[in-house]
Amino acid sequence: AAVRACGGAWRRTWQRGAGGPGPAPRGQHAVACNARGGAVPAGKSGLAPWVPVVGLEIHAQISSNSKLFSGSQVQFAAPPNSLVSFFDASLPGTLPVLNRRCVEAAVMTGLALNCSINKKSLFDRKHYFYADLPAGYQITQQRVPIAVNGSLSYSLCIDNKMSQMVTKTVRIKQIQLEQDSGKSLHDDTRSQTLVDLNRAGVGLMEVVMEPDMCCGEEAAAAVRELQLILQTLGSSQAVMAEGQLRVDANVSVHHPGEPYGVRTEVKNINSIRFLAKAVDYEIQRQIEELEHGGTILNETRAFDSKLGCTVPMRDKEGKQDYRFMPEPNLPPLILYDAKSLPANMNHQQVVNIDWIHERLPDLPSVKRAKLVEQYGILPEHSFTLLNEDGLAEFFENVVKQTQMKPKKVIGWIINDLLSHLKQHSLTVKESPVSSFLLADLLNLLVKKDISSTAAKQVLAELWKGEGKTPLEIVKEKKLGLIQDQKELEQICQAVIDRQENEVITMVLG
Amino acid sequence: AALRGEWMRLQVSAALKEGHVTPTELCQRCLSLIKSTKFLNAYITVAEESALKQAEESEERYRRGQPLGVLDGIPIAVKDNFNTAGIETTCASNMLKGYISPYNATVVQKLLDQGAVLLGKTNLDEFAMGSGSTDGVFGPVRSPWSYSRQYKEKSVPKSHSEDEDSNWVITGGSSGGSAAAVSSFTCFAALGSDTGGSTRNPAAHCGVVGLKPTYGLISRHGLIPLVNSMDVPGILTRCVDDAAVVLGSLAGHDPKDSTTIQDNFKPFQLPNLTDVSKLSIGIPKEYHAPGLSSEILALWSKAADLFKNAGAKVIEVSLPHTRYSIVCYHVLCTAEVASNMARFDGLEYGHRSDINKSTESMYAATRREGFNDVVRGRILSGNYFLLKQNYENYFVKAQKVRRLIANDFAKVFGSGVDILLTPTTLSDAAPYTEFIKEDNRTRSAQDDILTQAANMAGLPAINVPTALSERGLPVGLQFIGRSFQEKQLLTVAKWFEKQVKFPMIQLEEVKRHDHGVFQHQKSASFS
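Here the protein sequences come in this chain order: A and B.
The first sequence begins at 51 in our numbering and counts up one residue at a time.
The second sequence begins at 2 in our numbering and counts up one residue at a time.
Be aware that one or more of the hints could be misleading.
[What the hints assert, rightly or not] Only some residues are given here: those of chain B computed to face chain A with a beta carbon under 7 Å:
| no. | residue |
| --- | --- |
| 1 | GLN67 |
| 2 | HIS222 |
| 3 | SER259 |
Bear in mind the hints are in silico, worked out from the structure with no lab data behind them.
Using N, Cα and C, we set each Cβ at its ideal position, and we do this for glycine too.
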């Protein structure tokens, strides 16, 4: 049995003990990951080690003007129930009408994740009673989703060093279109539940990843890459804090060579950092539970970010039977490519996969390769550039406007600009120093008008955002390097003249 | 017959155009007839005020010489499972009692846009689940024929001591209110819905034309669904020509209903067929079903002979899977019902129980109080069929059978048959007291047997009133056509209608109350 290995700092290898059931086959390393770097119990009496298995289900809210099946607007934090159409409130007699933009977003995403796009996909109803699900069912794609069998490559660093990156791949099982639910707000003091249907019916892409990951860090890296891809495509804004990207993790552990263990589903993870924590906690918890002779329940657990642990969710009583059935009000979703596109078809009526494919923007991996190639920067720097929205563009703009070599510019971007922005929790767009100003400053440096130390002083002034140019600051603060021989001599003379005693001492030896 | 011909010429639309009658007069007469026939229980809501206002607007258009078309000023009624903005839409259920929809169903909007005057909402079985119009929360609908001279003369009261009233017969259903409304002259056309025969069955029992168009030809947006994959808005009129006019005003793509066809629909006028010799009429032998009354069987053969004698090719055909349609329908219908009814939880609209211990207990109480036994029973069966462990064995199989049933029709039509001729019902209408001896499920299964296969296959079908039974009650025959071939279907139906000369209902009650002055009301046609 092949065992996936996690690299780097998290790698811990257990050999089967001599007292174990048998020697481990050569070269087979059973591996457990522990992102916290702490000790994973190696097993009482030196038994076999544990292999964690992590799969993800990610709901990405589609960035679109209107909802998946209705004309209501999509907007975050609008007044409660202000974006609700008759269909969203499930008024009797209303019917779903598929939003073309949502289909295109899903096709784009599917293509970007190397999926095969199903030319015919189907919609199904998934039934359950919940206050924020007005129709009593969610329209989803259970039988035939819009995209299947893709993959996502992501990189992570080994030994927590940016200089050692490895690329991994997770298989994408499918992408399905479905409706978002509304929101229930529980008012415990008045024992009331208030329902906001603004979100009800917003388009979601559910991206189902195969259980190809084995620790929190891998999960986090994969989600981060997905997030970048979605944002590059514009198919989702994918801001986790705003619920546009919601990640559920399926976690299990097992011994190498044995079938997968019972898995738990961890929900309520609202940042990438917490994803890594939640997964690692859950792996650890399961191992400890099993080591102590316990069993793992097939249950849904919630991540408590304050306590840093997962707790069982109470709301589900036993297993739900969703009583799936085909959605009778939506005909099969038919997509076309250049070959199958009927000649007399109205363009507004069809979605052409090839057309979308040709117009896909450069994906993050391609952008990174181009940055490395074009500017000769280090691969890890290309990751940093893409990790911040707008940073790569900022970098490129600076490069365009300065004679400084890109390799040097990158240092200023990452060490000075980025760290300052991070310190002050600013986005690149909010930077008080524009690419133009920074280029201006770097040009002074290149021309040796100022020293590197002076440049940092100027930059510190620039952060204040007072509208001064670097040159003005240099003049004001007299930070310029003096290149006139006579002037330098005069300054030296003046210094010597002022320090008569010392000069005499030195001359006398 | 001569009289009927005269009425035909006295077309209401023409009368309106020529100013012989004004829309307001027409509307007022209908409203007063509705009042005098209140005992039929055909209407749940009468929208007197808005109807008169619409009539007034129509009158103004006629005055300016700019009527909107044939339907302008024509009083119509709509089954109470179509949404009507500002007028209560109840589905004859406690669940929606008092519910006022904020929007019009597309078909209602289309009728209003063409100047029709909406008189009110007609009675039905709760959520259209039934075949008698006896199972609604507002009580059963009585067939106007119960009070006709024809029925009274022929049906001998069992005993003199018995209340005369106990002999009244049902309208059939579930669009019984609409059928009764058309048949009692309180409106000129009505909308019904047809899922397994709900338009054609009451049309047959009430002696009116009932058209179930091809699935996808008319928008369902705003029709509160029973079975989405089979529901079609139905048209009830007094003659085939009128049905064609209403069809023309309703058919066509609706962006709000993704299951409507994209192709443009061109309204048509029905030609007067003189030669049927090129027609091939199929007689499906499976429609010779158990329980088919000898009377109807005889009528059916007579009708076949009529075509044969006129030179048409009449051949026996087989639709072998039709006999599975009842069980198949049961599974598919209840499954969709279970799903469609899930939205009635008391949160957004409709009835909400006072029990509020928890959300779940409120749901349960709301649904128990809001739905009748029939609805609850279907929800239970449907959920059972949809359970993961049952889905393959029931739902998927039923879908396969449905495909086989549809294929049967395709084969027959592929073999050159143009139209199928069948009975619409097994017998004439049963007295209410007889009808309620059996439960709703048994009744629906029996009564839909001849009609529901057309829904399974999505085909257009029409009931044409044919003759009176020995008891003096209407009996109709059904024509089933090819998909989207409404024009051919209606043309043949019109020819048949002309041959059989179905008698006009002689309503003593109406006469008694209204002195029989309503020429226009009684004209068979408005177009």
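Does the CB of B/GLN67 sit less than 7 Å away from some CB of chain A?
32 Å, violated
Given a cut of 7 Å on the nearest C-beta pair, is the interface hint for B/HIS222 held or broken against chain A? 5 Å, holds
Evaluation of the interface hint that places B/SER259 against chain A, nearest CB under 7 Å:
Holds - the Cβ of B/SER259 comes within 7 Å of chain A, reaching about 6 Å at its closest.
Of the numbered hints listed earlier, the single one contradicted by the structure is hint 1.
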